[in-house]
Each structure stands twice: as C-alpha cells, then as structure tokens.
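One line per chain: the protein sequences are A and B, in this order.
Letter by letter, the first sequence follows residues 8 to 492 of the working numbering.
Letter by letter, the second sequence follows residues 8 to 492 of the working numbering.
Since the hints were made in silico from the structure, they are not lab data.
All clues stand as given, with none of them false.
No distinction is drawn between identical chains; accordingly, a pair holds when it is met within one copy or between any pair of copies.
DMTMM-like mimics (lysine to aspartate or glutamate), calculated; alpha carbons at most 25 Å apart, straight line:
hint	residue 1	residue 2
1	K476	D219
2	K456	E55
3	K86	E465
4	K240	D219
5	K240	D160
6	K201	D469
7	K124	D154
8	K48	E30
9	K79	E465
10	K303	E416
11	K320	E151
12	K440	E136
13	K206	E436
14	K201	E473
15	K201	D219
16	K240	D259
17	K206	D491
18	K456	D421
19	K206	E465
Just so we're clear, the structure is a prediction, and the values are computed from it rather than from any experiment.
Spelled out from the first residue to the last, the chains are:
Protein chains: 2
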Amino acid sequence: MTDFSALPTLEAGHALTTLALTEQVLSILQEQHGYDASQIKTDTVSLEHWGKDWTKHFAPAPSAIVFPKSTKQVQALVKLANEYNIVITPSGGRTGLSAGAVASNGEIVVSLDKMNKIVQFYPADRLVEVEAGVITAQLQQFAEAQDLYYPVDFASAGSSQIGGNIGTNAGGIKVIRYGMTRQWVMGLTVVTGKGDILKLNRGMIKNATGYDLRQLFIGAEGTLGIVTEAQMKLNRPPQDLTVMVLGMDEFDHVMQVLAAFQAQIDLTAFEFFDEVAVDKLMATGHVQEPFEARTKYYVLLEFEAPYEPIMDKAMAIFEDCMDNGWIVDGVMSQSMAQAMDLWKLREYISETISVFTPYKNDISVLISHVPNFIHDIETIVNAKYPDFEICWFGHIGDGNLHLNILKPENLSKDEFFGQCQTVNNSIFEVVQKYGGSISAEHGVGMTKKPYLHYSRSETEIDYLREIKKVLDPNGIMNRGKIFDL
Amino acid sequence: MTDFSALPTLEAGHALTTLALTEQVLSILQEQHGYDASQIKTDTVSLEHWGKDWTKHFAPAPSAIVFPKSTKQVQALVKLANEYNIVITPSGGRTGLSAGAVASNGEIVVSLDKMNKIVQFYPADRLVEVEAGVITAQLQQFAEAQDLYYPVDFASAGSSQIGGNIGTNAGGIKVIRYGMTRQWVMGLTVVTGKGDILKLNRGMIKNATGYDLRQLFIGAEGTLGIVTEAQMKLNRPPQDLTVMVLGMDEFDHVMQVLAAFQAQIDLTAFEFFDEVAVDKLMATGHVQEPFEARTKYYVLLEFEAPYEPIMDKAMAIFEDCMDNGWIVDGVMSQSMAQAMDLWKLREYISETISVFTPYKNDISVLISHVPNFIHDIETIVNAKYPDFEICWFGHIGDGNLHLNILKPENLSKDEFFGQCQTVNNSIFEVVQKYGGSISAEHGVGMTKKPYLHYSRSETEIDYLREIKKVLDPNGIMNRGKIFDL
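Based on the sequences and whatever the hints tell you, model everything.
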C-alpha cells in the first residue's frame with residue numbers, strides 16, 4: 008500500500024535473456040519432469056492473472072506460470088531455476104495486501120492451484136495433512152465434516168490458500184482465542200531455495216530435536232522455499248457463540264471493558280471500530296444501527312456460552328461496566344442469526360470504506376500502549392492533514408489496529424496517496440516509539456519493504472539476509488520481497 | 008541417558024591454554040565490564056556444581072563460572088569468548104536430562120542465577136518481562152499474585168529457569184491444553200553467538216515482519232546465543248479442576264477413551280501409566296490403590312468443571328465408556344484435595360522407579376501411531392531382553408511417552424546400561440519407522456546427539472549447522488551439543 012517508487016520493469020535485454028532461459032526451463036520440465044501442457048501458461052491473460060495479488064500498485068510481468076502437481080515437480084523447477092538463474096514467485100490464492108505474490112520482473116510464478124488435495128486425516132491427533140493449494144474455506148469445511156474446526160478465519164478465507172496463509176502467518180478475527188496460523192501448523196513439507204525437500208516436524212506436538220526449521224518458513228513469504236504440504240491441527244468447534252456489541256465514549260473505557268471481560272470469560276473475539284466506521288456503514292443502509300444514540304467507539308465481543316452461568320456472568324460484567332460508566336449502551340445476540348447480524352457491523356467495514364479509497368496501514372503494538380498510540384497518530388494526522396478523515400478498526404484484543412485514512416473528495420487519488428506516503432514515515436516513527444510492528448498480519452512483501460527498519464533493527468535484518476543465504480544461496484526465491492539481498 | 012562413549016576430557020596442553028585464556032578473559036571482565044568478585048567462581052566445588060545438569064554420565068570440567076547481571080555483561084563475555092576462542096555453556100537451573108548444560112571441556116559456564124528479576128508487568132497484555140534466570144515456580148507465583156496463571160509445569164519447576172525452559176522448549180503435564188513453552192514466549196532479548204544484542208518480537212501477538220528469529224532460539228539449547236530476557240504471556244487461572252483416574256485392560260481402549268472425552272471436554276491433562284508403574288507405586292506404601300482390582304493400563308485425566316453441566320457431561324461420557332467395555336473401573340475427585348491425591352499416582356512414578364536404575368527414553372509419535380508403536384517396542388525388548396521389565400508412562404494426549412527399562416537385580420549398572428545402549432538403536436529404528444521424535448521434551452544435548460539422524464535427515468542437520476554458522480560463526484556457543492560442527 009505504501010511504496011510507489013519506480014516499479015521494477017524488465018529491461019529489454021534482460022527480458023530477452025530471461026524469456027529465453029524460461030523457455031528452456033519449461034521445455035525441460037515437460038520433457039524430463041512430467042509437466043503436461045495444462046501445467047504451463049504463458050499467455051498474456053494468465054500472466055496478468057497469476058502475476059499479481061490484491062495489491063494494486065505493481066504491474067505484473069512474470070515470464071511464465073507453472074502449476075506443479077507434486078512436491079517432486081516443485082523440486083525439479085527449483086533446481087532448474089537455480090541452474091538457469093531464474094527467480095521464482097510462489098503463488099497461493101493471491102489475496103495478499105503487501106505484494107508478496109506479485110511477479111513484476113520476469114519471474115516464473117509457481118501456482119499451487121493444482122496441489123489442492125486433502126491428503127490424510129488422523130482423527131486421534133485431530134490432524135489433517137493437506138497440499139499447500141488447499142483453500143482456507145476448504146479446510147474449514149473439511150474440519151466441519153469431521154465435527155472439528157479450523158479456527159484461523161478472515162475475510163479472504165474463500166480464496167486464500169493454506170500455503171499462502173503459512174507464508175504470511177495469517178491471523179484474522181479469532182486470534183485472541185486461537186492464535187495465528189503458526190499455532191496450527193504441526194508439520195511442513197518444503198522445497199528449499201536450494202532444491203532440497205525437507206519434511207519438518209511431521210505433525211508432532213512435542214519434538215525437541217534441534218532448531219525448529221518449520222518456524223522459519225512460517226511468515227517467510229516464500230523467500231526461503233516453497234511450502235508444498237502442511238499438517239494442520241484442528242480443534243473442537245466453538246459452542247453457542249454469543250455476541251455483544253457495546254458502545255463507549257472514551258477510548259480508555261474500551262480498555263477497561265476488555266480487562267473486565269477477559270478476567271472472567273474466554274473471549275473468542277474482541278473487535279473494535281470507531282464512529283466514523285459506523286457512520287459510513289449506516290449510510291449504506293445495509294446494516295442496522297446497534298443503539299439509539301451513536302457512541303464514539305464500538306466493541307464487538309464474542310464468547311462461547313454453552314452453559315447458563317456463563318451468560319449470567321457476562322450479564323453481570325456488562326452491568327458492572329455500565330455502573331462504572333464505561334459502557335454507554337449495548338446489545339447482546341439471542342440467537343445465532345442475531346449474532347451473525349451483529350458481526351456485519353464489523354465485517355462490512357472494509358467493503359464500505361473502500362469507496363473512500365482508504366490509505367490502509369495494518370499495525371500492532373502492545374495492548375497496553377494502544378490508547379497512547381492512537382492518540383499520538385491522531386495528533387499527527389490532524390495537525391498535518393486536518394481535512395483527512397481517519398477510520399480505525401481492528402483486533403484490539405491482539406493489539407492489532409487497521410488505520411484507514413479516507414480520501415477527501417477534492418483530492419485526486421495520486422495526490423492523496425502521495426500525501427499519505429509522507430504521513431507514513433511519521434506514523435511508523437510512532438510505531439517504532441512504542442516498539443510496535445509496521446505489519447501486524449499482512450506481511451512485508453514489496454509495499455512495506457522500505458519501512459522494515461522501523462520494526463527490525465539493521466542488525467536483525469542482516470541476520471535475516473544471512474539466513475536466507477543458507478536456504479536460498481542463489482536468491483532465486485521471491486527475490487525483492489521483505490528485504491533486498 | 009544414552010551415550011557413554013568416551014567422555015571428552017581436557018588434553019593437558021589444551022587445558023593449560025584454555026585456562027590461561029580464561030584467566031585473561033576473567034581479568035578483562037573485571038577490569039572493563041563491571042564484573043565483581045562475586046560474579047566469578049573458579050573453585051573446584053563451584054566448577055563441579057555449575058558444570059553439570061541432572062544428567063549423570065559426563066564429568067564436569069569447566070574452566071570458570073561467570074554470573075552476569077545484565078545483558079550488556081553477557082554481551083561483553085560473548086565478545087571476549089569469540090576473541091579468545093573459548094567455548095561458553097549457558098546454564099540455567101541445570102535440571103536438563105540430556106547434558107545440554109554440562110560443561111565437560113574447559114568451557115566458561117554462564118550462569119543466569121543473578122539475572123533473576125521480574126522486570127515489568129503489562130496487565131492489559133497479560134504479559135510479563137522477566138530475566139532469564141527467573142525460576143519457573145517464581146514466574147508461576149508471580150502470575151498467581153496477579154490472578155493469572157503460567158501454565159507450563161513439570162517436576163523440576165522449583166529449580167528450572169525460564170531461560171532453560173526456552174532453550175529446550177519445555178513441555179510437561181499441561182501441554183494438551185496449553186502447548187509447549189514456545190506458545191508463551193512473546194519476546195526475547197538474546198545475545199547471539201556473534202555478540203549482537205537482539206530484541207526479538209518485543210511481546211507482540213501479531214508481527215508479520217520477516218523471519219521470526221525468536222523461534223530459532225526456542226529449543227536451540229543455547230547453541231545459537233544466550234537468552235537474557237523474555238516476555239512471557241500469562242493466562243487466566245484454571246477453574247475447579249477435576250481429576251478422573253480410569254483403568255483399562257487393553258491399550259486400544261485408552262485411545263477410545265481419549266477420543267470420547269476430547270470430543271466433548273477441553274482436557275487439561277490426559278496422562279497415562281501402566282500396571283508396572285502402579286505395582287512399584289503401591290509397594291512404596293505412599294500412594295493409595297485407585298481401584299479394588301489392578302488393571303493393565305491407567306489414565307489420569309483432568310478438566311475444568313466450573314459449571315454443573317460439565318460434570319454431568321463427564322459422567323455421561325464415563326458411563327458410555329463403561330458400557331462400551333473400555334473402562335474397567337474409575338474414580339473422580341470430589342475436592343481439590345482429592346484431585347491432588349489422585350495426581351500423586353502419576354507424579355510419584357519417576358521417583359518411585361528411580362530405585363530400579365531405569366534406562367529412560369523420552370520419545371514421541373503421532374497419537375494415532377501410539378498403539379502400534381508401543382506394541383513394536385515391547386516386542387523388540389521382550390524378544391531380545393526377556394528379563395528386562397518395561398514401565399511406560401507419559402503424556403499420551405500429546406503422543407509423548409516415557410519408556411523406562413528397569414534394571415534386573417542380577418545385572419550391574421554398567422552391564423545393564425551397556426545392554427540398553429544396544430537396544431537403543433532398535434528402539435530409535437521404531438521411532439523412525441513411525442516418523443517420531445527421539446526426544447520429545449528433553450532436548451538433544453550430548454546424550455541424544457548420536458541418534459539425532461533418526462529424527463532429522465542428514466540434509467536437515469546440515470541446514471542446522473549452516474544456521475548455527477550465521478548466529479555463531481566461531482562455534483563458541485555450547486559447542487558439542489545437538490550436533491557436531
């Protein structure tokens with residue numbers, strides 16, 4: 008979202024070489040490694056389609072799209088890429104928001120689309136082995152069919168692939184209870200950038216046999232190798248989910264309400280959004296106003312209530328918070344349908360504000376720092392850009408905030424984004440001041456690369472580079488993402 | 008426990024050099040880095056005391072023990088160790104069982120004993136920043152004082168230190184519900200083998216900014232650097248823990264009972280032990296027989312039951328399992344005191360069998376493989392060593408089994424261990440056949456090093472070596488542990 012510096016383009020000479028080399032690689036794949044015609048695409052439409060993700064700022068320009076059907080076929084490609092010095096961009100559901108899956112410089116895109124099988128299920132372990140191209144929703148549905156639950160969930164679950172989720176360590180709306188994707192990955196099959204096949208951790212809960220390489224590949228955005236299979240843990244399904252939407256007029260009260268509920272109830276969500284978000288939502292007419300009067304801040308919280316006493320407890324906490332003057336108004340779902348209706352208040356925000364061409368940042372700090380952090384950011388933006396409207400929402404129970412600056416009508420998109428980029432450094436300075444993260448769950452890819460130093464020291468980044476060299480000595484894996492070599 | 012090959016000893020010449028260099032390092036630490044006399048020990052008793060862990064097979068022979076009081080002082084030592092080519096062995100509570108903290112070759116031991124402060128608590132984040140020398144029980148008590156809970160618990164919690172727990176990714180008795188130490192480490196301050204101070208992840212739940220180096224240090228047994236501080240997540244305390252002890256006569260029934268309970272109840276423990284264990288326990292007279300008649304297998308399960316309906320559900324599952332003929336007999340705690348009494352059945356096993364000089368192995372496989380795995384191991388041991396008695400216990404809900412071969416009275420300790428070592432390769436071949444781990448939670452250290460290849464491929468081990476080179480290019484960190492350089 009943030010880097011509009013000169014887009015990398017193919018130089019004419021380089022392009023020719025890359026294309027010629029790519030053609031040789033494609034021939035060898037077909038002749039020696041069992042790739043058939045359906046597994047290779049070089050037409051313009053395909054290059055455009057598979058060459059980009061949900062980020063819009065980079066022009067896709069891959070040299071070919073390849074669809075392996077097995078780990079062995081992935082390995083064959085990686086070995087050839089090393090030999091011919093061609094960069095590979097792994098590609099899942101391409102729902103990323105940091106251009107981690109954009110191929111803009113003659114890369115061969117490796118799509119996992121044809122590796123989309125559920126391989127094996129181990130009921131006693133609640134463990135399922137899947138190919139990396141399995142779609143998140145497909146895994147969720149498989150789990151449901153076994154009376155189990157895959158708890159990592161987010162807006163793009165219908166398109167995102169497990170391999171991609173692993174590459175960015177996807178989070179989402181249930182992290183407060185279930186953690187990130189990392190927590191559910193019990194084993195990985197990977198092809199390293201060097202072309203070795205590793206089977207990492209093999210599904211075990213306990214395995215104290217040296218460095219856990221599996222963890223390195225989680226969140227590596229395909230820069231160390233390609234995840235081809237994963238063993239994912241499943242959980243028991245949540246029971247009788249109940250939703251409350253609460254209104255507050257001071258941000259400190261949001262924090263007090265979080266503390267009050269969390270002390271006694273296992274929350275499955277604690278989501279936050281502000282008046283601006285509700286304002287825009289109501290204007291669409293698609294969502295119902297939660298209370299009679301508007302409040303400055305809103306919280307949606309969710310918990311399991313299979314037993315009456317839990318509901319009583321929740322009501323008691325609610326009343327306590329009202330008595331303390333923290334909560335101005337609130338509603339609670341009485342049925343699953345009502346719960347889903349209340350969730351719309353949170354879930355429809357992204358789409359609703361998209362018409363305002365928002366400049367988005369996905370940042371995180373310790374929960375303890377959130378109030379001061381929000382205050383500092385608002386001060387900066389209001390001082391420098393008094394006519395910019397800010398819309399906040401996010402997973403406040405995890406310290407993860409989505410900051411959205413809305414485009415004023417009188418500004419062109421380019422002017423607006425240009426100004427936002429200037430704001431960026433100020434925002435990230437505040438992130439740095441609070442020891443936070445410039446990318447909570449969207450990854451670094453290309454868009455956050457120029458700002459990585461706000462969250463990782465130069466010394467740390469040097470270690471990242473050295474570790475990449477171990478697994479990908481020739482730098483063929485998703486070169487240009489996260490950091491420059 | 009397993010490797011009795013020639014113990015490494017100091018060659019005379021080498022020893023002199025090491026000692027001379029150590030003396031220089033110690034002088035510089037005092038002159039330039041604020042170490043006082045109380046922070047350096049070189050007397051024989053101290054060398055013996057801090058030079059070993061709970062493993063008994065290696066003779067301690069460090070050249071000095073150093074007690075830094077700050078990360079900066081650790082860094083000063085690491086830099087000097089690089090300069091003078093002296094190996095450093097990080098030392099926590101030294102309760103390890105794989106000789107990971109044994110210094111047997113002129114190393115400088117870095118004890119974290121003087122870095123034992125709780126630094127800061129973030130209530131809204133349920134996060135506590137501690138120095139690495141904080142003892143596990145100290146953290147547990149601190150959590151309790153805040154009405155919170157640190158859930159990683161095991162027999163040595165009264166002596167083990169957080170830094171050591173991180174070094175081995177300690178597990179224990181509550182893993183089925185709360186996971187390993189890894190899950191609770193939200194941030195680390197480390198001094199790398201190169202001497203850089205890194206502050207990794209800084210406590211955040213969500214932080215998608217490149218490779219998560221924190222994960223590499225967890226379970227690295229001090230071979231990449233020294234953890235000096237950690238940010239640990241706390242949880243709400245468990246409520247109304249209830250314990251059941253159940254008896255079964257077939258191993259398959261143990262698995263069916265696990266499945267039946269886990270489908271409906273969030274277990275906080277599912278521990279297993281066999282008739283041999285109960286036999287030895289009863290002989291001590293310290294523990295009460297759980298049922299009238301002995302059964303072949305026993306399970307201790309635990310769950311939170313703050314609400315009556317949960318108890319009803321547990322009873323219904325229990326009766327169902329009885330009706331199916333899976334459970335032969337069972338008892339349930341009616342009070343906290345009874346729950347603690349029942350736990351003795353599981354907790355006293357280790358101490359009880361210690362008089363039989365057990366040959367221990369700490370192994371893990373997928374839960375689905377446990378029945379066949381146990382069968383294969385018993386077949387091998389019974390065939391080759393018909394007079395060896397086997398005692399099984401473990402955390403079966405995690406696939407983690409402690410295999411104990413008891414020494415027959417007529418065999419000397421040396422003869423017995425010699426024979427067990429021969430059995431070892433057969434046992435680990437079975438572990439390998441099922442894709443399991445030769446060390447579930449005790450780490451590799453020196454004792455499991457010769458067997459690492461049964462759980463990690465040679466290619467993987469080569470990657471481990473290369474990664475070590477990135478963080479510890481001169482190989483000064485705990486050299487000789489996990490793998491040879």
